[in-house]
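Participant: Sequence:
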Amino acid sequence: MSRISGFKLLLLLLAVVTALYTTTSCQKDDIPDDNPDDQPDPLAAIKTYTYALMTDIYYWSKDVPKNIVAKPIKTVQAYFDTLIVPQDRWSWMMTGQEYLNSEAGVSESYGISLGQPIDYYNDYSVRVRYVHPNTPMSENNIKRGYELTHLNGTPVNTLIANGTFNSVYAQKTNQFTFKNHTGQSTTFTATARVITTRSYLNRMVFTGQEFEGLPHSVGYFNYLSFKATMLNDIDEAMAMFKSENVKELILDLRYNGGGDSKATSLLANYIAPVSAENKILARREHNEKYRSWDNDSETQTIIKRIAGSLNIDRLFILTTKGSASASEVILNGLKPVMTVVHVGSTTYGKPNGMYVLPYPEGNYTSPQYVFLPICFFSVNSVGYGHYLDGLIPDHFRPDDLYHDFGLNDDWVKAVLQYVKTGTFPPLPAKSQTTFPLTEGMKIKVDEERANWGAYTATTPVK
Numbered sequence: 000m001s002r003i004s005g006f007k008l009l010l011l012l013l014a015v016v017t018a019l020y021t022t023t024s025c026q027k028d029d030i031p032d033d034n035p036d037d038q039p040d041p042l043a044a045i046k047t048y049t050y051a052l053m054t055d056i057y058y059w060s061k062d063v064p065k066n067i068v069a070k071p072i073k074t075v076q077a078y079f080d081t082l083i084v085p086q087d088r089w090s091w092m093m094t095g096q097e098y099l100n101s102e103a104g105v106s107e108s109y110g111i112s113l114g115q116p117i118d119y120y121n122d123y124s125v126r127v128r129y130v131h132p133n134t135p136m137s138e139n140n141i142k143r144g145y146e147l148t149h150l151n152g153t154p155v156n157t158l159i160a161n162g163t164f165n166s167v168y169a170q171k172t173n174q175f176t177f178k179n180h181t182g183q184s185t186t187f188t189a190t191a192r193v194i195t196t197r198s199y200l201n202r203m204v205f206t207g208q209e210f211e212g213l214p215h216s217v218g219y220f221n222y223l224s225f226k227a228t229m230l231n232d233i234d235e236a237m238a239m240f241k242s243e244n245v246k247e248l249i250l251d252l253r254y255n256g257g258g259d260s261k262a263t264s265l266l267a268n269y270i271a272p273v274s275a276e277n278k279i280l281a282r283r284e285h286n287e288k289y290r291s292w293d294n295d296s297e298t299q300t301i302i303k304r305i306a307g308s309l310n311i312d313r314l315f316i317l318t319t320k321g322s323a324s325a326s327e328v329i330l331n332g333l334k335p336v337m338t339v340v341h342v343g344s345t346t347y348g349k350p351n352g353m354y355v356l357p358y359p360e361g362n363y364t365s366p367q368y369v370f371l372p373i374c375f376f377s378v379n380s381v382g383y384g385h386y387l388d389g390l391i392p393d394h395f396r397p398d399d400l401y402h403d404f405g406l407n408d409d410w411v412k413a414v415l416q417y418v419k420t421g422t423f424p425p426l427p428a429k430s431q432t433t434f435p436l437t438e439g440m441k442i443k444v445d446e447e448r449a450n451w452g453a454y455t456a457t458t459p460v461k
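Per numbering that gives the first Met the number 0, residue 0 is the first one in the sequence shown, and the count goes up by one each step.
Hints in this document: simulated from the structure, not taken from any laboratory. Misleading hints may appear alongside valid ones.
What the hints assert, rightly or not - Derived EDC-like pairs (lysine to aspartate or glutamate); straight-line CA-CA distance at most 16 Å:
no., residue 1, residue 2
1, 303, 234
2, 61, 87
3, 142, 403
4, 334, 276
5, 73, 37
6, 320, 446
7, 65, 55
8, 412, 209
9, 261, 232
10, 441, 146
11, 320, 445
As the list claims (entries may be wrong) - Between beta-carbon pairs, the in silico distance windows are:
no., residue 1, residue 2, range
12, 312, 367, 44 to 52 Å
13, 234, 450, 26 to 34 Å
14, 94, 235, 25 to 33 Å
15, 385, 192, 39 to 47 Å
16, 157, 287, 49 to 57 Å
Here a beta-carbon is modelled for each residue, glycine too, at the ideal position from N, C-alpha and C.
Input sequences plus hints: build the corresponding full structure.
Facilitator: Here's what the structure looks like:
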């Protein structure tokens, strides 16, 4: 019997038990029973499914708590959380609609990501990390590097200090005051709306005309999310780089929290050199029940160059703490098979991945819920993985939140200088804000969300 067949049999048996329990609990007198403890659990079926998958394909299935009383737990999320083992800081779930929206790049937002240049710069000012096009913020000409100084007329540092910044910023409509790169302020009112985002922020080609002394064309791809539904974004970027005959590529993953293995594989196939053909980019390691999958062709990502693959001499990968999961797979997977220079700061540290498990089972088009438990760890062609503390860069540089992407960005300038001379320039000067520098002055950034970091795949067909 195959593993998947066994898993389905387990679900069937548990479903029968659930049905018998529900039927028995209903076979009483017709007098209404107001005691909630005597009522059938409306979530019994989905709890049964959740328990079955967590005690089967979940990486830590042996350690899942066995004596949890499920009925009193009121939500699917709360029940799922009780099954996650203490060492697991990555597994998560969402409603089916949330999953479909995420895959389609649909969300309600102002269209920006905010951050603070605290590390290295000791600067607690709130600045724009990036702006999505065709959003409330782009329509008001807000750029990366702008400083958010006031919300509804109140200084941002005051809101942070009294703990209300996140709740105020989350309001549907706010008045914003930003300071631009030259220190000029602009104030406007914006309303968050449903937006659709792409999987990348920028794609550029730099030549000796833009950066004096550059010996050849260098491509730049700021890739934000590995979306299986947006593979054409990769195709189009690589076609541009191919037509411009780029010899080196800057892959900017500084805010990329990961995504789908299909996009990871496609990007690697475009970038990897001829010498990497048929080499392993990533291999999955499962729990004992599914150990036979570890060397299966369906659980190994093999590099296969395709029509339009680049012919680059060197790859620069830019990362921060926000670079997670699939971003780390690309970095860890390409390092053994080509020349990769890792620039920036240490990555998130998510060396594992999830199988996408919808409920009802197999319903990927209109699921009620989608579970993404950790089901495997990812290792590269030399067996390296389990980088729980992240991947350390070859050359540290602090994220430049003071300039827009492109030639004014410190990271891009530093890499182009390295291409030109073989050495990186000195680190930028530090700065400091005037308001109190305390832990309490931090805002919550994207990578601190509970569901940050994804390397997703579908289960092998057995």
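Participant: Which of the numbered hints above does this structure break?
Facilitator: The structure conflicts with no hint, since it agrees with every one listed earlier.
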